[in-house]
Amino acid sequence: MSSNLHPMLNVAIKAARAAGAIINRAALDVESVRISQKQINDFVTEVDHASEKIIIETLLTAYPGHGILAEESGSEYGAKDSEFVWIIDPLDGTTNFIHGFPVYCVSIALAVRGKVEQAVIYDPSRNDLFTATKGRGAYLNERRIRVSKRTQLKDCLISTGFPFRPGDNFKSYLNMMADVMQRTAGLRRPGAAALDLAYVAAGFTDGFFETGLSIWDVAAGSLLVTEAGGLVGNFTGEADFLEQRECLAGSPRIYGQLVPILSKYSKFASAGDKAAVRQAAAADAPVSAEAEAAADVERDTSAPQADAPKSEDAPF
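Be aware that the sequence shown starts at 1, since it is given in my numbering, and climbs by one per residue.
In case anyone wonders, no lab produced these hints; they're calculated from the structure. Relax, there's no trap hidden among the hints.
Computed list of lysine-lysine pairs in BS3-like fashion (alpha-carbon distance at most 27 Å, straight line):
id: 1; residue 1: Lys-115; residue 2: Lys-267
id: 2; residue 1: Lys-80; residue 2: Lys-53
id: 3; residue 1: Lys-134; residue 2: Lys-14
id: 4; residue 1: Lys-134; residue 2: Lys-80
id: 5; residue 1: Lys-53; residue 2: Lys-14
id: 6; residue 1: Lys-134; residue 2: Lys-115
id: 7; residue 1: Lys-115; residue 2: Lys-53
id: 8; residue 1: Lys-134; residue 2: Lys-149
id: 9; residue 1: Lys-154; residue 2: Lys-264
id: 10; residue 1: Lys-115; residue 2: Lys-14
id: 11; residue 1: Lys-14; residue 2: Lys-80
id: 12; residue 1: Lys-115; residue 2: Lys-80
Please read these numbers as outputs of a predicted model, since none were measured by experiment.
Could you put the whole structure together from the sequences, leaning on the hints where they help?
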C-alpha cells in the first residue's frame, strides 16, 4: 500500500486483498465450494460470505463508527446513522466463479453523505487493483488510467449484462442489444458489472450498459469511470443513478451517442417511447421468436418463482 494514498483507500485496499486471498484459495478447488441459490440464476457461496466477513472486519477495525451496506448482510453491521457508509460487493461475478470462469472481482466503495469518494475494485485472478479517490484520478496497479479516446460508436467495444432474473423483459433486452450491436464494433457480456465499469475506466472497453443492478454493483466502478474522465448515469443520461437499477457508462463522446439509443428503454422514458418499445418487443421478428422459444423452455422446466426481491434501500 502506498503512503500517498488516502488513509481510507489504503484500508479498503487491505480489505479487498484479504478477500481476494480467500477467493483465490477457494478457486483452486471450486467444485468443493458450497453453493446456494437466492433465486433463479442468482447464486451465493460460502466464499461470498467469507469474503464479506473479512472485508467488514477490516473496515470496522479501522473505522468502527462507519456504516456498512453489503450485498449479503445488508446494513446488519456498522453504525446505522453514520455519514460514512462502505458499500461492498464481496464477490461480483459469483456465477462465473463457481464455473471456474476467471472474470470476477471484489468491489468496495465509501460514500460520504451519499456521494462516493473512495473506490477499490480488485480482480484476484489477475491481481489487478483498480483504485480511485474523488478528485485524485483513477489507477490500475498504481498507473493512471483514462477512458478510451475513440470518438465514433462504430469503432467501439461495448460491454453489457444479460437479463437473468424472474420478471426481466427478455424481448425488450434483446431489442436493446440489437440496437447497440449493429452500431458498434462488438458487444461483450463478461458477467461482472463492477469489473465492466473498471474496464471502461481503463479504456479496455468504450462503454457499458445494464439494467437491474444494485448499488453495490456500481458504486465503486462509477467513481473509477468519472475519475478516469468518463461519464456514468442512467439510460436517459441523468447522473443520479445509483439506486435506479440501470447504468450507462462511457467516455464522454461515446456516452453521448449511447444515450439516444438507450433512453427509450429507460424506466424514465416518455410514455411514447415506452409504447414504441413495447410494440417492438411484441413484434414477430426472428429474434423475438427465439426469445419466446427460450421462455417456453424455461416455463416447461422451471417451477413458478416469486418476483425478484428489490434491492435493499441504501441510507442515501
